[in-house]
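Based on the sequences and whatever the hints tell you, model everything.
One line per chain: the protein sequences are A and B, in this order.
Heads up: the first sequence begins at 226 in the working numbering, then just goes up one per residue.
Heads up: the second sequence begins at 3 in the working numbering, then just goes up one per residue.
Bear in mind the hints are in silico, worked out from the structure with no lab data behind them.
Using N, Cα and C, we set each Cβ at its ideal position, and we do this for glycine too.
Treat the hints with care, since some could be wrong.
[What the hints assert, rightly or not] Calculated pairs, DSS-like style, for lysine-lysine (alpha carbon to alpha carbon, straight line, at most 27 Å):
1) K490/A / K206/B
2) K465/A / K206/B
3) K484/A / K206/B
4) K478/A / K66/B
5) K478/A / K204/B
6) K206/B / K328/A
7) K206/B / K473/A
8) K388/A / K490/A
9) K499/A / K471/A
10) K317/A / K199/B
11) K328/A / K473/A
12) K280/A / K388/A
13) K204/B / K280/A
14) K490/A / K229/A
15) K478/A / K199/B
16) K542/A / K66/B
17) K204/B / K490/A
18) K280/A / K36/B
[What the hints assert, rightly or not] Here are a few chain A residues that sit away from chain B, every Cβ distance over 12 Å (derived from the structure):
19) H329
20) K417
21) D497
22) D501
23) P534
24) L555
25) R612
26) G618
27) A648
28) S692
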Amino acid sequence: MAGKTLYDKLWESHVVREEADGTCLLYIDRHLMHEVTSPQAFEGLRLAGRKAWRKDSIVANPDHNTPTNHWDRGIEDPISRLQVETLDANIKDFGALVYFPFKHANQGIIHVIGPENGTTLPGMTVVCGDSHTSTHGAFGALAHGIGTSEVEHVLATQTLVAKRSRRMLVKVEGSLSAGVTAKDVALAIIGKIGTAGGTGFAIEFGGSAIRGLSIEGRMTLCNMAIEAGARAGIVAPDEKTFEYLKGKQFAPKGADWDKAVAYWKTLQSDADAKFDAVVELDAAQIEPQVTWGTSPEQVLAVGGRVPNPAKEADAQKRAGIERALQYMGLKADTPITEINVDKVFIGSCTNSRIEDLRAAAKVAKGRKKAASVRQVLVVPGSGIVKRQAEAEGLDQVFIDAGFEWREPGCSMCLAMNADRLAAGERCASTSNRNFEGRQGAGGRTHLVSPEMAAAAAIAGHFVDIRSF
Amino acid sequence: MKPFTSLDGLVCPLDRANVDTDAIIPKQFLKSIKRSGFGPYLFDEWRYADVGEPGMDCTNRPLKKDFVLNQKRYQGAQVLLARDNFGCGSSREHAPWAIEDYGFRVIIAPSFADIFFGNCYKNGILPIVASAEIVDQLFRECAAQKDYKLRVDLETQTVRNPAGEWFSFDITPHRKHCLLNGLDEIGLTLQHADEIKAFEAKHKAAQPWLFA
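Next comes the structure, spelled out in structure tokens:
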């Protein structure tokens, strides 16, 4: 019998029951929540007179609607405020292991705070009404986004009705060049397999380049698995993972720690495990990436030129390129490095951790943003990240460069708060989606790494970070 | 949940691939704490010439006339014909809520994004995966024929065009059962509460740190 993949091990260790057609009840260890996708689920529980099955599985905090400046004024948009207050009330009624209300010292983006306090652990099943839950796969957890009906289902039953995904191995071997980050690896993978390439799959990221990534880099990579169509991305836990978790508030302690680590070490795909698909990339070939269109798969190396639809034979694809160029206000064959930006956003559950901010600060240090760039937002992923950055003086580096240093939150990744692009504005963004209108109606998004975003802020246009 | 059995529905073609849930329902409408009322804002940025805000009365908003939902021949459509990777991106269930609230009960596409696909079943929407060839044919027929309708029958898992040609589609027995009967999945799961409790006890004994 062939060995098992990491995904299969995680899946099988959580199956409560299985129907003849393969539909399973999967036990859920950790339920992350934010204010946008939970109110209707709590309302459903109330209407049915149900309780939360296991309130100590819940880790919650508002992040999408919260402002990133003028916290003294509270949440000025009354509709946003109501949504955040609704989460406060729901957690008060139903309970939680961890809840950081708006303005709490540790509040932040839900996918940043979970790993920070050790509520995400290897071997767990982790869900959240948020597609970027895949982030937590970086710890060797089976983590994926769910809809609000499923949020209600998990609240009421601690399980999810689910079928096993197919397994894909994305193997990146070799060493990344200087200036090439986990974000570039993620975008290069999406460029190769497409935004639907991972549909129906759980992706395990493996190979020496992945093992070489820091835990934060692995989070960036797994975060974007969903942008390749895969609900879950996973990296097998290793010494770096254990080192990262040791001593965290909710990580096991004492004898439990040793027992946990012994178990976590078994969370690897067996050498003879069979995957349904294998994709291989050579790390040395990956260059800094910049998206040019309105889908994350519309991505190029920074040295490239915007595609010319006339050269595309397939009519559907040609129409797609034309539509994207029109929306993005770009001419065919324009070199990426000649594209000017109006705004820069450094933040989001993809790239708002301390390492990301250090990387951006390193580029910004002693430099000034270009006069043509209207605004550069630096939004830390959590209160803890913010304080760490301030202790290291990164905030001052950004302020000296003319960047704005903000309070934590999702901010301009999806522009549910006041941080957004105006119609026609072009942004270099460290977030995860360049969809039409994502950062504001009519806004134009180019996805890049924190280093590339900071460099674009200084130069006023995209530059190759390797020669900056 | 509204049950779905069969319908004879007018078809609306949306001829673009990778339609994401941000396009289906833009973020500003996600601030609602309700499940209903999203239909008027479905595809808001493609549908209206102004910028939509939650609570806005849409009856007098300026329309983008070329967008399919604004064309007279597709008013009252219940079947949405789409392209590859429909519903990609954000997990927001507001997307199927908006689609259902607008009046669609069936979506036919060559492929769907996983989370969106699952969310449809929780809301009485039947997402049907058909081959690219069949979808191409449906787009051609829909363009050529006014009042183009499809007969969708869940019990027999078939879709029939006006000429009487038909194709069949797959659905898991579990999803079919829930959709046909409009069942509350939570109620079904809670019938297995003892099994969940037994699993939980075993799980806690093996990995107590998961229950900190």
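Here is how each hint holds up against the structure:
A hinted pair counts as satisfied when its Cα atoms are at most 27 Å apart, and K490/A with K206/B qualifies at roughly 19 Å. In summary, the hint linking K465/A to K206/B is supported, as the alpha carbons are separated by about 26 Å, within the 27 Å threshold. For a cut-off of 27 Å, the pair hint linking K484/A to K206/B stands: about 13 Å separates their Cα positions. Between K478/A and K66/B the CA atoms are separated by roughly 60 Å; this puts the pair beyond 27 Å, and the hint is violated.
At roughly 20 Å between alpha-carbon atoms, K478/A and K204/B fall within 27 Å of each other, so this suggested pair holds. Taking the CA atoms of K206/B and K328/A, the gap is near 34 Å; set against the 27 Å cutoff, the hint is violated. The hinted pair formed by K206/B and K473/A meets the criterion: a straight-line CA distance of about 20 Å does not exceed 27 Å. For the hint linking K388/A to K490/A, the alpha-carbon distance of about 26 Å falls within 27 Å, and the restraint holds.
For the given pair, K499/A sits about 32 Å from K471/A by alpha-carbon distance, which is inconsistent with the 27 Å threshold. For the given pair, K317/A sits about 25 Å from K199/B by alpha-carbon distance, which is consistent with the 27 Å threshold. Note on K328/A and K473/A: the hinted pairing holds, with a Cα-Cα distance of about 22 Å set against a maximum of 27 Å. Taking the CA atoms of K280/A and K388/A, the gap is near 25 Å; set against the 27 Å cutoff, the hint holds.
For the suggested pair K204/B and K280/A, the alpha carbons sit about 19 Å apart, so the restraint of at most 27 Å is met. Taking the CA atoms of K490/A and K229/A, the gap is near 14 Å; set against the 27 Å cutoff, the hint holds. Only pairs whose Cα atoms come within 27 Å are accepted, and K478/A paired with K199/B is accepted, the gap being roughly 26 Å. With a C-alpha separation of about 24 Å, the suggested pair K542/A and K66/B falls inside the 27 Å cut-off, and the hint holds.
For the hint pairing K204/B with K490/A, the CA-to-CA distance comes to about 20 Å; that is within 27 Å, so the pair holds. Proximity of K280/A to K36/B is assessed by CA-CA distance (about 23 Å); at most 27 Å being required, the pair is judged to hold. For H329/A, the condition that its CB be more than 12 Å from all CB atoms of chain B holds, with the nearest at approximately 20 Å. Against the 12 Å criterion, K417/A stays outside the reach of chain B, whose nearest CB is about 16 Å from its own CB.
Chain B leaves D497/A outside its interface by the beta-carbon criterion, the shortest separation being 25 Å against a cut-off of 12 Å. Distance check on D501/A: its Cβ is at least 15 Å (rounded) from any Cβ of chain B, clearing the 12 Å threshold; non-interface status holds. Annotated as non-interface, P534/A keeps its C-beta farther than 12 Å from every C-beta of chain B; the closest such distance is 15 Å. Here L555/A stays apart from chain B, with its beta-carbon at least about 18 Å from theirs, past the 12 Å limit.
Consistency note on R612/A: stated as away from chain B, and its beta-carbon is indeed over 12 Å from all of that chain's, at 24 Å minimum. For G618/A, the non-interface assignment is confirmed: its Cβ lies about 34 Å from the closest Cβ of chain B, beyond the 12 Å cut-off. The claim that A648/A is not at the interface with chain B is violated, since a C-beta of that chain comes within 12 Å of its own (minimum 8 Å). Interface exclusion of S692/A from chain B stands, the closest Cβ pair being 33 Å apart, more than 12 Å.
Hint compliance for this structure: hints 4, 6, 9, 27 are not met, and every other hint is.
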